[in-house]
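*Asks:* Assemble the complex: chain A is given as a structure, and chain B must be docked to it using the hints.
Chains A and B, in that order, give the protein sequences. Be aware that the first sequence starts at 1, since it is given in the working numbering, and climbs by one per residue. Be aware that the second sequence starts at 206, since it is given in the working numbering, and climbs by one per residue.
Calculated from the structure, these hints are not laboratory results.
Each computed DSSO-like pair below joins lysine-lysine, with the alpha-carbon atoms no more than 30 Å apart:
1) K226(B) to K28(A)
2) K275(B) to K214(B)
3) K153(A) to K28(A)
4) K275(B) to K101(A)
5) K302(B) to K102(A)
6) K102(A) to K294(B)
7) K71(A) to K192(A)
8) K101(A) to K214(B)
DEER-style ranges, computed between Cβ atoms:
9) K226(B) to E152(A): 29 to 39 Å
10) N183(A) to K294(B): 46 to 56 Å
11) E297(B) to L143(A): 34 to 44 Å
12) E152(A) to N207(B): 18 to 28 Å
13) S140(A) to K294(B): 32 to 42 Å
The structure displayed is predicted, hence computed values, not measured ones. Think of the CB as a built atom: it goes at the ideal place given N, C-alpha and C, for glycine as much as any other residue.
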Amino acid sequence: MENKEILTESISDLLKNNFNDAIITDNKLCFIVDKDMYRVRMPNQGEQALVEHKRNLMQLEYGKQEGCVVKAKLIRDLKENNVVDIEQLNEEKEVLIKELKKYWFILATRDSEDEKKIAEYTEKINKIQNALQDVSVDISTYLIPCLQSRLEKFYLEYITVLCTEISVDNEWKRVWNTFEEFNLVDASLSNKAIANMTWLLLSRR
Amino acid sequence: MNIEQQIRKLARSIYYQNIYKSAKEIGSIQIFANNTNLSGLQTLLLFWLPIYESLYTDLHNKEWRYLDEKVIEDDCRCDAFLYWRSKIKEAELINHKKEEKKHKLKLKDKSNVTTFDIDFQ
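Isolated chain A (complex conformation) (with noise of 0.2 Å):
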């Protein structure tokens, strides 16, 4: 293909499905609350360590309150006192998981003609993967006030601190000076934060 071929098509393909690349241009999300606009960037090196270092002393004062528990003792707790077994979960799970791998497998030796065996399974794959979901959701939902868990809401907070910032005369400033800041601000500016964090972290932790 020509090469003023191929930027013609590229064109039409960006006009064509609306393209919104803004989310992977450069390591950075923007997003906007009460007419503000906000961002969350990736932290530099140093600012890992620090997090790092943070999390680290957390994980100490953490293990001197009273109830603190790791996953497996929290799992084993659940279990014995009849609230809820987690490895029953898992094993539903791993379930649906097969169940999913069989539809997969039918649903890949459909011919595209046939759009009403498609639509069938593709149903029975979408509800299959809500209840994965549903199930993945349970599972961490009773295992938030484990030490793990209550370490990666620190870390993803302070991250989210450290990485907010908000457009002032075209400049980019720091939201939070400090944690304590940060707890005390109206709750859906720091969700909204620490969901674009999230988004933007994804599978680098």
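*Replies:* Chain B in isolation, oriented as in the chain A frame:
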């Protein structure tokens, strides 16, 4: 549309496929504004770019009966196809290894070695 769907849409677009191919061939072409400290979203795009490239290559070569553009466009059907393709390739690899093993065993068996009667006179 959730963010992952959006990333996959970008990864299968002609625009990003072209940039990806050019970046592989010409080192000076960058996909992102930043070279280092990639975000999780950027890493996810880099995960999907070669997958869609392989799908387009297979489609071009008419490698699979059930692969067409509609499959590539539909995330659910695309996942299903990728899983199915990986299983087929896995099975092919196992068969190939079995054949290889059988072949080696045949060579080890002395009765399989061909002998010739040579007349030295």
